[in-house]
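Novice: Sequence:
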Amino acid sequence: MKSAVGSVKSNTLSLIFTDFKEITKAKLAISVVFSSIAGYFLGAYQINLVSVLLLTFGGYCMVGASNAYNQVIEKDLDALMKRTRNRPIPSGRMSVKTALTIAVTLTVLGVLSLLALSPKTAMFGAISIFLYTSVYTPLKTKTPLSVFVGAFPGAIPFMLGWVAATDDFGIEPGTLFMIQFFWQFPHFWALGWMLDEDYKRAGFKMLPTGNKDKGTAIQIIFYTFWMIVISIIPVFGITGRLQLSIVAAAVVLLAGLVMLFFAFRLYEKRDNISARKLMLASVTYISLIQVIYVIDKFVS
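In full-length UniProt numbering, the protein residues as written are 1 to 300.
It is worth saying that the hints were derived from the structure and are not from the lab.
Bear in mind that the values here come from a model prediction, so they are computed numbers and not experimental data.
A hint or two may mislead.
[To be verified] Restricting the straight-line Cα-Cα distance to at most 27 Å, the calculated cross-link-like pairs of lysine-lysine (DSSO-like) are:
no., residue 1, residue 2
1, Lys142, Lys25
2, Lys212, Lys142
3, Lys97, Lys82
4, Lys269, Lys205
5, Lys75, Lys142
6, Lys21, Lys277
7, Lys214, Lys27
8, Lys25, Lys97
9, Lys200, Lys142
10, Lys21, Lys75
11, Lys277, Lys212
12, Lys82, Lys205
13, Lys27, Lys277
14, Lys212, Lys269
15, Lys82, Lys269
16, Lys269, Lys75
17, Lys200, Lys269
18, Lys27, Lys75
19, Lys120, Lys97
20, Lys97, Lys21
21, Lys82, Lys200
22, Lys200, Lys214
23, Lys25, Lys75
24, Lys297, Lys120
25, Lys269, Lys25
26, Lys297, Lys214
27, Lys142, Lys214
28, Lys297, Lys25
29, Lys75, Lys214
30, Lys205, Lys27
31, Lys25, Lys82
32, Lys200, Lys297
Sequences and hints are given; from them, build the entire structure.
Specialist: This is the structure we're talking about:
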């Protein structure tokens with residue numbers, strides 16, 4: 001009997017943990033935290049473990065809160081889409097009240113954790129939540145420009161790490177911001193291309209032209225090109241302490257050209273397979289260049 005009760009409790013806790021991961025979009029949150037830590041390593045004169053832990057915890061809380069608010073706001077729309085109908089709220093596994101409690105709790109914990117690093121860090125973290133939930137989310141059913149608006153909070157994490165390490169905002173974090181800002185367009189438009197039919201069920205307008213056509217593909221190529229340009233600018237020594245060696249810049253350029261190749265393939269074929277390849281290439285690109293930047297700083 002005790003064994004059966006223990007098994008039920010174990011399964012219940014497992015389901016609660018699974019729903020928590022889903023409401024906070026754990027995989028996305030972890031990738032965002034990775035960007036923040038990379039930015040911290042780039043900006044720090046000396047690595048402080050406590051600061052890294054605060055940034056990790058605070059960053060996850062802020063992203064998790066944004067995602068929880070988003071799922072509360074879009075609960076009825078999520079129920080219309082195949083990819084989201086089994087999320088905790090539309091499936092009925094979690095109440096709106098519980099989700100809001102999680103969101104508010106994570107917001108408070110996140111702001112306090114980032115505030116312990118510096119007021120600027122907490123400010124940018126709070127701005128990202130506000131833009132994501134109060135501007136980007138409502139605009140998704142109104143205009144394709146929502147992706148442009150969403151690119152602002154989405155570009156903050158890489159920059160946030162530098163600010164957390166230095167308590168300063170200048171050309172260096174600004175450059176990190178621009179890299180991730182331009183990267184988001186090919187990434188999210190590739191994702192939007194793949195999920196276009198599902199998004200349209202909920203009335204989301206995610207592609208720049210509204211359709212999976214040459215116009216959308218051309219814009220993807222355009223933003224991918226400028227992403228590459230911004231990514232190698234530090235090699236020219238005009239971005240303050242943010243430096244990039246010639247070898248590292250060459251690797252970053254090569255990675256960007258691979259992504260650009262997949263962007264041209266999407267233009268040529270205009271199918272979901274090509275969009276998926278571009279999306280996967282974009283995920284690989286942003287993680288790879290962040291690692292390259294950090295390694296180059298400590299090796300050069």
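Novice: List in ascending order the numbers of the hints, as given earlier, that are violated by the structure.
Specialist: 7, 16, 19, 25, 26, 28, 29 and 32
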